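Asker: Here is how the chains run, residue by residue.
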Amino acid sequence: MSTISAPDIASGRLAPEDYRANFGDIHPPLDRHQALVESDRCYFCYDAPCVAACPTSIDIPLFIRQIRTENPKGAAETILSQNILGGMCARVCPTETLCEEACVREAAEGKPVKIGLLQRFATDVLMETGEQPFVRAPSTGRRVAVVGAGPAGLAAAHRLAMHGHDVVIYDARPKPGGLNEYGIAAYKAPDGFAGAEVDFILSIGGITVENGKALGRDIALSELRGAYDAVFLGMGLAGVNALGLDGEELPGAEDAVDYIGRLRQTDDLAALPVGRRIVVIGGGMTAVDVAVQSRRLGAEEVTIVYRRDRAAMGASAYEQELAATDGVVIRHNAQPLRLVTEGGRVTGVVFERTRSEAGALAATGETFTLPADMVFKAIGQKLVPAAFEEPGAALTLKGGKIAVDEERRTTLSGVWAGGDCAATGEDLTVAAVADGRIAAESIHRALSAA
Amino acid sequence: MADLRTEFVGIKSPNPFWLASAPPTDKAYNVVRAYKEGWGGVVWKTLGEDGPPVVNVSGPRYGAMHAGDRRLVGLNNIELITDRPLEINLQEIKQVKRDWPDRALVVSLMVPCVEESWKAILKRVEETEADGVELNFGCPHGMSERGMGSAVGQVPEYIEMVARWCKTHTRMPVIVKLTPNITDIRYPARAAKAGGADAVSLINTVSSIIGVDIDTFAPLPTIDGKGSHGGYCGPAVKPIALNMTAEIARDRETRGLPISGIGGVTTWRDAVEFMALGAGTVQVCTAAMTYGFRIVKDMIEGLSQYMDERGFRSVEEIVGRAVPNVTDWQYLNLNYVAKAKIDQDLCIECGRCHIACEDTSHQAITSMKDGKRHFEVIDEECVGCNLCVSVCPVEDCITMVPQTAGVDPRTGLANDRPYANWTTHPNNPMARPAAEVVAEPAE
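If you read the protein sequences in the order shown, they are chains A and B. Taking full-length UniProt numbering, I'd label the letters of the first sequence as residues 1 to 450. Taking full-length UniProt numbering, I'd label the letters of the second sequence as residues 1 to 443.
In case anyone wonders, no lab produced these hints; they're calculated from the structure. Quick caveat, the model's predicted, so the values are computed rather than measured. A portion of the hints provided could be inaccurate.
Quick list of simulated restraints, FRET-style, between CB atoms [unchecked claim]:
hint: 1; chain 1: A; residue 1: 25; chain 2: B; residue 2: 294; range: 36 to 44 Å
hint: 2; chain 1: B; residue 1: 386; chain 2: A; residue 2: 133; range: 39 to 47 Å
hint: 3; chain 1: B; residue 1: 386; chain 2: A; residue 2: 25; range: 45 to 53 Å
hint: 4; chain 1: A; residue 1: 73; chain 2: B; residue 2: 368; range: 29 to 37 Å
hint: 5; chain 1: B; residue 1: 314; chain 2: A; residue 2: 73; range: 42 to 50 Å
hint: 6; chain 1: B; residue 1: 297; chain 2: A; residue 2: 110; range: 25 to 33 Å
Stretch-level coverage of chain A by chain B, calculated; a stretch enters the list once three of its residues show a Cβ under 8 Å from a Cβ in chain B [claimed, not checked]:
hint: 7; region: 39–46
hint: 8; region: 103–112
Where is the CB? At the ideal position from N, CA and C, for every residue including glycine.
With the hints as extra help, turn the sequences into a complete structure.
Answerer: Given below as structure tokens:
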């Protein structure tokens, strides 16, 4: 036997029922009784703090009251009129830092109303009917191009379609949905929910989706501006930040985003290879998502290493707790120094301990090595400006993202932007939906005035 | 442990908690279970005339009014008096009284308005050695269509007549149970007293339709597509019962007439309230039907704690204690000023006080201060109405603070003005001079 063990990467580490359990619904939905009991807890606050905390400003007290009066479809309409992806947001929103943190019951007794689960209850009831509650206005004959079929693009397209405009969505990937389909952790939206929600959104009519069409590769911004009355850019962040270390292109080192995308698209989780020892570099939601899902695929030792302290982590406290519950070890204040490679493979990472000094990160010189069968890079995504940079078409950037005004107008006339590619709020599904809706209303105003 | 023993019209019970005449007291099995849990007494479910037993519907008999979380706050029923043979009931009553001599056992009765009918049944009840009888002049459904129950209770002359017959034909104490389905409860109470009744008990159930099925458009509970009004009881009727109890307790003609208080008694606190307004015992039904007989343990223990803490040596000391404080509106002190105050440490900023005041009352609570969410009473606008206290979800967060010094910024009048009521108010065209202290309530 060799002293250097071969990387232990294997598929089928678990029994079939374990995969089902591990990737089933992480928050089982409320049944009717549970929803009625929970809805009773809402105080129907005046100028409710939960609404102010919601990026899409859903009238939360109203929809909860509608659940209470056994009108869940009405509740869903209240939700969806502000946030057409209310079903997905109910599953993926970090409610503990948004509506539920603001809930006065959190102040009163440390137990907010379960707004996210109530939202899911209502939207599930409506979506099970297969009905589209919104009616398309008579066709205006105006055409709008939307780039990206993720939350921002879908929200924009639905609202534009409602106003009677014809929409064509271009998306680089084979399926629409964006990060809902390819990015978020499988256990947050199981059973093909992302796809079902896309179908629901498109059922309003007037929206065409062109898959496999990437901006800058298959289509050009100048073409779109010429062919359409308005353009909405919502293509997200296609670039992945690199570690900048030798060997990161070798087998054994993977982009977390790519791996999660494969995991989401596979028909058979047991066929997906996973290492026995995993190291994840990064501190955001993607880092937690890849770490937890690796564990749930059967990895034995999963360690997230983040260069700053706990407070600076992008992953919410809830996500960190989830990781801990799943047996993921989170190590703070250590940055990757170099990758250990053997036989043309990455087999470990050498980290250097850090400390924060007056806000800046300082290296201490102390190092440690973590052996790994797989190393996941999850240190953030970035905009790829080359996709829309053309002569004479100057989109101003701000902090590496597309600069927009309050109405999500870019510096280029006739072009709006929103979601992760735009310099707006946090990179959250719900923030992207808000951008899409706000931009669509702005586009509609512009087209109506013209 | 305080002494909870009660003597009501000569009927002794170890505590003032009796079960009202209703389904829980329809047979020995239930009554014995109740006694085992500690109930001080029961009023046996109403017996009717000898003969073919009463027939009940075999569909739903109850309908419910729910508050949040399906808490049952009101119950309505269309059940009739006992549908078991008279003889069996009498045998059981006799046996139970023999086995439980320390507990009160009163028998509820309802027979046609014929003297011989009352005379006959009283004789048979006497043989059981029960402690007393309660005349059911209250049931608003079913039996009333046959000239009994509330059909009698709504006519003071009948009440007086039947009460007199009963007093004539039995040595047992006679309690008259009153229906609330009348305009002024004092008239039937006076009639009962005039007829020689030893006590009144109230209230019986309130005529009600508990709800309508909005799919079938039939009243609830629905019997084969139809519904009939029922009798409403439970926590929701308590305020009605308290008022009627107080009206009888403070009426010049019926003052001192023993009262057994009924209507939504669910906790020991409810019981204390009824007693304070003049009830010597309380009768319970809905609470038992909701939670079972063991709730009496909390009632007994709670009352005992309360009495110990307040230094009351007997239940008698509570009875009627609030009656002197019940008056007519015209004698309320119009110079008394109170203002709401919001405890900012307790406030959870739900804003319900603000919107209630802003939309429906006096625009006396802020929603913002220095650009931030903040709820504070504006003394210049606050009339002291107590609506904000009523809608606030947090206990004691908003309180009504009596203003005893300085000037009310709303009216510009001094806060320490002496007592003055409507009878002497300059705006009252009927004002009569020199009526500063009026102890006697008006007719």
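Asker: Now tell me, hint by hint, if it's right for this structure.
Answerer: Each hint tested on the structure:
1. 25(A) x 294(B): 36 to 44 Å: Check passed, 40 Å falls within 36 to 44 Å.
2. 386(B) x 133(A): 39 to 47 Å: Between residue 386(B) and residue 133(A), where Cβ atoms are some 42 Å apart, the hint holds.
3. 386(B) x 25(A): 45 to 53 Å: holds, 47 Å
4. 73(A) x 368(B): 29 to 37 Å: holds, 35 Å
5. 314(B) x 73(A): 42 to 50 Å: violated, 59 Å
6. 297(B) x 110(A): 25 to 33 Å: With Cβ atoms ~31 Å apart, the hint holds.
7. 39–46: holds (count 5)
8. 103–112: holds (count 4)
In the structure shown, a violation is registered for the earlier hint numbered 5 alone.
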